[in-house]
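Chains P, F and U: place on chain W using the hints.
Number of protein chains: 4
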Amino acid sequence: PGEEATPSCDIGDCSPGALLVLVERPGTPSSELSVRSHPICWGMVRVLGWEGLGAGLGAALAVSPLTQDSLSFLFYSGWVCAACHGPKLAAECQSAGYPGTLIPYKCDLSNEEEILSMFSAIKTLHQGVDVCINNAGLARPEPLLSGKTEGWRTMIDVNVMAVSICTREAYQSMKERNIDDGHIININSMNGHSVVPQSVVHFYSATKYAVTALTEGLRQELREARTHIRATCISPGLVETGFAFKLHDNDPERAAATYESIRCLKAEDMANAVIYVLSAPPHVQIGDIQMRPTEQIS
Amino acid sequence: PGEEATPSCDIGDCSPGALLVLVERPGTPSSELSVRSHPICWGMVRVLGWEGLGAGLGAALAVSPLTQDSLSFLFYSGWVCAACHGPKLAAECQSAGYPGTLIPYKCDLSNEEEILSMFSAIKTLHQGVDVCINNAGLARPEPLLSGKTEGWRTMIDVNVMAVSICTREAYQSMKERNIDDGHIININSMNGHSVVPQSVVHFYSATKYAVTALTEGLRQELREARTHIRATCISPGLVETGFAFKLHDNDPERAAATYESIRCLKAEDMANAVIYVLSAPPHVQIGDIQMRPTEQIS
Amino acid sequence: PGEEATPSCDIGDCSPGALLVLVERPGTPSSELSVRSHPICWGMVRVLGWEGLGAGLGAALAVSPLTQDSLSFLFYSGWVCAACHGPKLAAECQSAGYPGTLIPYKCDLSNEEEILSMFSAIKTLHQGVDVCINNAGLARPEPLLSGKTEGWRTMIDVNVMAVSICTREAYQSMKERNIDDGHIININSMNGHSVVPQSVVHFYSATKYAVTALTEGLRQELREARTHIRATCISPGLVETGFAFKLHDNDPERAAATYESIRCLKAEDMANAVIYVLSAPPHVQIGDIQMRPTEQIS
Amino acid sequence: PGEEATPSCDIGDCSPGALLVLVERPGTPSSELSVRSHPICWGMVRVLGWEGLGAGLGAALAVSPLTQDSLSFLFYSGWVCAACHGPKLAAECQSAGYPGTLIPYKCDLSNEEEILSMFSAIKTLHQGVDVCINNAGLARPEPLLSGKTEGWRTMIDVNVMAVSICTREAYQSMKERNIDDGHIININSMNGHSVVPQSVVHFYSATKYAVTALTEGLRQELREARTHIRATCISPGLVETGFAFKLHDNDPERAAATYESIRCLKAEDMANAVIYVLSAPPHVQIGDIQMRPTEQIS
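Chains as they are written, first to last, in our numbering: chain W, 1 to 298; chain P, 1 to 298; chain F, 1 to 298; chain U, 1 to 298.
It should be emphasised that the hints constitute simulated quantities derived from the structure, not laboratory data. Where hints are given, some of them may not hold.
Where chains are identical, the list cannot tell them apart; a pair therefore holds if satisfied intra-copy or between any two copies.
Claimed, not checked - Derived DMTMM-like pairs: lysine to aspartate or glutamate, alpha-carbon spacing no greater than 25 Å straight-line:
#1 K266 <-> E295
#2 K148 <-> E253
#3 K266 <-> E224
#4 K266 <-> E176
#5 K175 <-> E260
#6 K123 <-> E150
#7 K148 <-> D180
#8 K266 <-> D251
#9 K148 <-> E112
#10 K148 <-> E176
#11 K175 <-> E150
#12 K266 <-> D181
#13 K148 <-> D108
#14 K175 <-> E295
#15 K123 <-> E113
In this text, all values refer to a predicted model and were calculated from it rather than measured experimentally.
Chain W with its partners taken away, still in its complex shape:
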């Protein structure tokens, strides 16, 4: 590993999608993995997608108990740009010598049929899902007093419904294969714990409050089902991603300013949190990590 890939992609092409990462050589020491930076691919996909393949999820799986004696299948939802979606990205991963295989799925997460088809294809082609990371999420700048219903609905569809559907499908996939040490990780937000006085994220905050409840409810149901599958959410403050550019898609300057006022969390900080959570011993369930940029005030 080491050299840079430079796929051409653009934020305008991004949409919520999903990746499946098949780790073919579990147990690879993390020191053999390297960090690659992807210069273009905006949004949370940077966190755990391309860049994350080396340093993030790849490493996470390499150290995860899941990978000791079997292949592991990690499902990850996120913003995926068109150019990263094709075989090009997978080929680059392969040529870079990563210990895992990237299998991108194109999927509109706001469409349940597409999600179900994807999980069906995953089952047919790759057995199933052992780890599910519900990372796709978005905000639309629609205040409660004046917002457009369509923007609210989009947030509900991706942040709440898709999370719930993927969680259920991933759990059923684990259950039918008797996976007892799976993991479901919801990327939440500090907005899922307190409501800040910014009207453009109020409805978003409501969807993330729902994620807080969904994660705890999931934990309880997993206990009731007597499995050791773990449920976690990670609740970041301001992360430098394409999030603000999606939020303020008519005002890129405002979006950029969001990330310039303080030193923000980075994609790899999120990846490190995921690694920490996944690599904890099976008897340790991290329920929530609340993290902010050190300089963030509210």
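Okay, now just chains P, F and U, sitting in the frame of chain W:
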């Protein structure tokens, strides 16, 4: 007032709907109002609908500052059965001599177009809405590990989307008429504050966590807009309504048992909470009332 | 009732103390009670003490189920100034024709021995306590990075320890007399639910977070003990009392400014909340009322 | 490193105390450190004390940005048994070849004067404190309805007052040496976030709710002071320590049973959380890690 009306209705006919209560004689002392019990109409509609007309909302409006020198229009969403929906109910109210006029609207709250049509009709016929009580809400018994998407979506549509749409429309109605002392009340739940180990209400709990955030976000936006319109949620534990019968619609015995184990909150307890909140002086904003049956353990 | 009493008192004389209100004529209709304003006595004592005797606690007990067929003894802790402490206040109450008798106790609430002596005297002289309102509370302006330990300890002693001791003693008093419908009300704060960026109230906020937990723990223990005694907290935002004058005792202008920026909650708003909570039917337990001035932003 | 030390100690000797760990060779790769288990020393001291010296805090400091070009001084409070308190432990650490020097301080944390003397000695002898871990904490089995005041006060003194005093002293130590990248870590509890129906931990829960507020208040004050010092709490569920033996000191069987029903968190799981938090880049502030045993139900 005093005699009993006995409209024929049945729980099977109930669906989320809305009532508009026009108070024609504001300022009527609450001692002139009487409590009527409605023997059939299940569900939360009992709280503030028929029964509430006398003792609940009627009284609330009678003592509310809103009613000092003008007509007041109160919008209330709830479960409404078909038989209560027609002119029969309104006629009974009139003949009973209530100081307000009940104007029922038939409206599928999970359909935005119907909500918008209703608010448009309210504007044309009755000026607008001064007080909005988002009471309609439901649970479907769909756990997170195995639930049906459709049940989840119904909960989202009524508990989150309809609340948000009605709130926005009510606020816009207040704004265009320069109403500065309006009130928006969301009927939340103790499930909106903590997640209890009952898988059948986990998704419901997520929708109510969203309501918690929506109410606080609304409060902040109302402050930012420099109005004195108030935002409140009321968070009950177990209330004896048709809720459990809707939740366990295939298992009425289980539903009935829900209300027999302890002495539950009653419809009028909810009405009294609404009265307390509405009748507080304009400078007092009750943000949340958390209330449980005294005997409720969890 | 009606004429004004004007005891001479001064904020400098105030200290945490307690009142016992003996309601000799329970069931007196609240319409026979009148509101009196006390012009001098600063602090939360105004809420439920003197002024409250007519309109607040007196009314509350008059409508409380507790008072149907027996004397009721209400214990109330608050800031009490020296001049109000003596027989003068009690005499004024009597001559004003209130339906209850005020029995002031001088008690340093930060001294457990004094509290125990007081409860012992209450038992000997007046049977015991049926309703306990833990209202005494204070803030000292000691930030976490630089505060004086003594100020922190004073807050702990009054806001946490005295609340816990009075609660235990009141419960034991109810238990030994087989009172099953008692009530313990803790005056909490919105600072008990979220931490606002004002360093002078950070430690205070920690003591009020403790009160939030104490109230819920109390509720659970009362259920476990199979009683119907109720546990409530009331969580106000900014109330116009002597609180700020105690907080900024070196800077009365700053204290005064606290209450001038917005239209604050008043003593009677707190009394009304207590009345609402106490007069709810025995099967209704209000766990928390969160209330702010309508104009309060944070 | 590698061989086992077997200091003789006993739980009866344990009391809240403090250790200062001086890392003389910062930057030592964690791979050169090894895990040692201490067979006797009960309680949370196992987490980060002896055992932690190799694998826990030592490693944490070895990877912490703090240690790049200077000595680092880490202050840690915990349960320390008499036998571990003397020079014996320090000598063993030295002979084991650890890259840090252990400097035990005997200190009754419930006595402010002793704390101040300790910090004064630390200043004179070792410059000051760069990282402060407030780990000492305890529960006494005193329910709210019937508990002894003394048990409550002990919990307040150690869990709230000592945390606050050590935090203030540590911050002042950082401030006077212009340390901008210090860290204060409070060991909180899941009981600091929700109240569970176990009366023996209700007051304990109140003290931990206070810690939740103290940590967020601290974060805000550190931002207001424009430093990059970080504030973190870690909130574990059931950890296998001496905690239950202290709680049920009259009933060791009950204490032991606490840890046998499920597979608990271990001391090293706590150490790993501390390492994760400390080794995050300076711009990343982990505010809270909520973690439970995977099998823990409530």
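Against the structure, the hints:
no., hint, verdict
1, K266 <-> E295, "within (13 Å within a copy, 32 Å between copies)"
2, K148 <-> E253, "within (23 Å within a copy, 42 Å between copies)"
3, K266 <-> E224, "between (36 Å within a copy, 23 Å between copies)"
4, K266 <-> E176, "neither (37 Å within a copy, 31 Å between copies)"
5, K175 <-> E260, "neither (45 Å within a copy, 27 Å between copies)"
6, K123 <-> E150, "between (33 Å within a copy, 23 Å between copies)"
7, K148 <-> D180, "between (43 Å within a copy, 23 Å between copies)"
8, K266 <-> D251, "within (22 Å within a copy, 45 Å between copies)"
9, K148 <-> E112, "both (22 Å within a copy, 11 Å between copies)"
10, K148 <-> E176, "between (41 Å within a copy, 18 Å between copies)"
11, K175 <-> E150, "between (36 Å within a copy, 22 Å between copies)"
12, K266 <-> D181, "between (29 Å within a copy, 19 Å between copies)"
13, K148 <-> D108, "both (21 Å within a copy, 19 Å between copies)"
14, K175 <-> E295, "between (43 Å within a copy, 17 Å between copies)"
15, K123 <-> E113, "within (15 Å within a copy, 39 Å between copies)"
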